[in-house]
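Each protein sequence line maps, in turn, to chains A and B. With the first letter of the first sequence counted as 1, position 49 gets the number 919 in this note's numbering; the numbers rise by one all the way through. With the first letter of the second sequence counted as 1, position 70 gets the number 75 in this note's numbering; the numbers rise by one all the way through.
To be clear, the hints were calculated from the coordinates, so they are not data collected in a lab. As the structure is a computational prediction, the values presented were derived from the model and not from experiment. Check before you lean on any hint, since a few could be wrong.
To be verified - Label pairs and their calculated CB-CB ranges:
no.	chain 1	residue 1	chain 2	residue 2	range
1	A	1044	B	329	24 to 34 Å
2	A	875	B	140	20 to 30 Å
3	A	998	B	33	44 to 54 Å
4	B	398	A	920	26 to 36 Å
5	B	340	A	1090	32 to 42 Å
6	B	409	A	951	31 to 41 Å
7	B	346	A	1090	25 to 35 Å
Claimed, not checked - Cut-off 25 Å, straight-line C-alpha distance, at most; resulting in silico cross-link-like pairs (DSS-like, lysine-lysine):
no.	chain 1	residue 1	chain 2	residue 2
8	B	177	A	1014
9	A	951	A	875
10	B	177	A	1042
11	A	1014	B	333
12	B	186	B	333
13	A	1014	B	186
Where a beta carbon is used, it is the ideal one built from N, C-alpha and C, also for glycine.
Listed below, chain by chain, are the residues.
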Amino acid sequence: MTMSKPRVGIYGLTSCAGDQLAILNCEDELVSLAQALDIKSWVMAQSVNDEESPLDIALVEGVVGTERDLETLKDVRERAKVLIAIGTCAVWGGVAAMKNHLSRERMRELVYGAGAEHIDAQKALPLKSVVDVDYELPGCPIEKHQFLTLIGSLLHGDLPEFPQVPVCSECKMNENECLLVHHGQVCCGALTLAGCGARCPSLNVPCVGCHGPVEEAHYNANYRALRAHNISKDDIHKRMGIFSSPAWMPKVLVQDESLGREA
Amino acid sequence: MAKKINQSIDIPHLGRVEGHGGIHVEIADGEISRVDMEIYEGSRYYEVLVVGKHFTEVPPIVSRVCAICSADHTLASQMAVEDAMGIQISPRTRLLRGLLLHGSMIESHALHVFALALPDLLGYPSLLAMVDDYPEEATIGLGLKKRGNTVQEMIGGRAIHPVNAVVGGFGKAPGLAELEKLAGQLQEGLDDALKLVDLIDSIEFPDLSDETNIYSALHTTEERYSYLGNEIHTSTGVVKPIHAFREICHERVVGHSTAKQSLYSENPFMTGSLARININGHLLKGKAREVCDLLLPNLPEYNDLHNNTAQFVELVHSLERAMILVNKIIKDPLEDEPPVQQVVKSGTGVGALEAPRGTLYHSYEIDDRGIVTDADIITPTAQNLANIEKDFRTAVTRHMEGQQEEKKDCLEMVARAYDPCISCAVHLVDVTFKEE
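Required output: the full structure, derived from the provided sequences and hints.
Okay, here's the thing in structure tokens:
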């Protein structure tokens, strides 16, 4: 079934606004997007917004990091038929969730000093740990071509299926020399979901895992390849944990790195 | 005699000011008793997140502080790490970094001037709503923004959160064919921008001039207008090396904000386009010189609302300067060179640069294993918050006898002028105004 002019809301919770900016960066498509969609709310781009309307599609960026974020997300979930998490923060927690094992009160004290109790100190959570999420589009930020494919599919009442393959697949297609095997660099490509066209390794820069984990990675083979270069399982899990910590923390021996600061 | 007024003005959801914030003003017995720029964006504790991380991991983490100036956070953190470890970068790296900064400035200023300030000043809810009535202006605005992104994609590898810029250098140099195409696009962009000078000139701002205002910006020892420099200059004649940035920015935590505020000698100050033009404007050349003389003829300009005008002047400057740098690379093509090999050593370093919204400071302490042990980031918006409140106070005082709508409009215009973040001023909707 084709949706005619779906009612859309675009929301940003605690984040850098990069996924919404990635949408705004579709300069050539922006006018047609505005014509194809009935944008009820997009605080970042328009000054008249309807926060009561039922929504066919809600696109939500960022982590749940405050009480206010939680209220917004629950309200949007109630009004939206399809709720889509956009960006690695919304899907996996992103950098904000990197140290969820630390007490937020302690982190607050370290950054703001004593007497900053007015600052809401909560763990940074991905959307799915709070509400039901219908579709996830990771990326830090999301890839423009994937976003436009997503909107195109939604306009036809469908959702896209992007290949669930690691960055290495795209890296091989670009005929790059492997940064891990040939140069011994800590590259997260084998554990990270593709979609970026292997952007970083194609520039001679190792992958930092910004799209989050690929499903069913070949862990044992990867760990063996890493070990050959003196990179341990913990090293690579910690590196992956920069962007998708909740997916890796159970696997890592939790070390309180920040304690070094006080020692 | 004026009637004594008791009232409060609330703009509860100002929209994004690097996220979420609002304005709260209270007036008792005809005197302003309280002016708060409330910030309730969720805290992400970056200064704790990077502690314990290897120095190579720092730039990709701190770039996520803000998408719009991600290139600036990336470069400032790299410069700080290099300073801490004594890494000397090559002239090629310096050139590419300069170009990347201009790309960031073009994208951010075009977005703010055209997609944000202009619709409001012409009475539209968004740039998209302007398309039917102002097709040329809207197309030019989006086109300029896109050119800034093209520069960032070509040099940084990605428009948001650049990946090609690393500690010690760059992954890959851009290809010659791409650069030649870019040179043409920048020239078109400059021609387009110049078509809008009259429009920018026709905008009238309320007078908030105050000769006690203090401005702060980086200053370069080279005789040209630059976004890099080793010294901090203030309009009051103070000169400090960037390593002494804490002597300019005394940070304090305030109860109505999750962002810290900065004061200099207990005084608020302004950083950003207007501050840069006030301090370094005499160094502008070419078309930017002509545009500046026309739009801001009497420097220093003490009306902070003219920050929008100053952004337009810088947009022209960055288009011109980016073109010069691109042509320089085309004439003398860059060979690929690996980033400078780092000899890991302990130390503390500072990186400072002029980001679109003002001076950005990063500082890191690194141990002998290359692990970060302490971090400090002071963003332009944090420095400006106290000054925004000062300008709110001036705006309300000068409109004390005016209508409620006038006061609100003026408060919103102040917030918009500072461009605290992309939608800071777009989203001034839920305005409530109560008379007690």
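Here is what the structure says about each hint:
1. A:1044 with B:329: 24 to 34 Å: Holds, at about 32 Å.
2. A:875 with B:140: 20 to 30 Å: holds, 22 Å
3. A:998 with B:33: 44 to 54 Å: Distance hint for residue 998 of chain A, residue 33 of chain B holds at roughly 48 Å.
4. B:398 with A:920: 26 to 36 Å: Once the Cβ atoms are compared, 34 Å apart, the range 26 to 36 Å for residue 920 of chain A and residue 398 of chain B holds.
5. B:340 with A:1090: 32 to 42 Å: With a Cβ separation near 41 Å, residue 340 of chain B and residue 1090 of chain A satisfy 32 to 42 Å, so the hint holds.
6. B:409 with A:951: 31 to 41 Å: holds, 39 Å
7. B:346 with A:1090: 25 to 35 Å: holds, 33 Å
8. B:177 with A:1014: Judged against 25 Å, a Cα distance of about 22 Å means the pair holds.
9. A:951 with A:875: Given that 25 Å is the threshold and the Cα spacing comes to 14 Å, the pair holds.
10. B:177 with A:1042: holds, 18 Å
11. A:1014 with B:333: violated, 31 Å
12. B:186 with B:333: Holds. Residue 186 of chain B to residue 333 of chain B sits at ~14 Å (cutoff 25 Å).
13. A:1014 with B:186: Cα-Cα ~22 Å, so holds.
Hint check: a violation occurs at hint 11 only; the rest are consistent with the structure.
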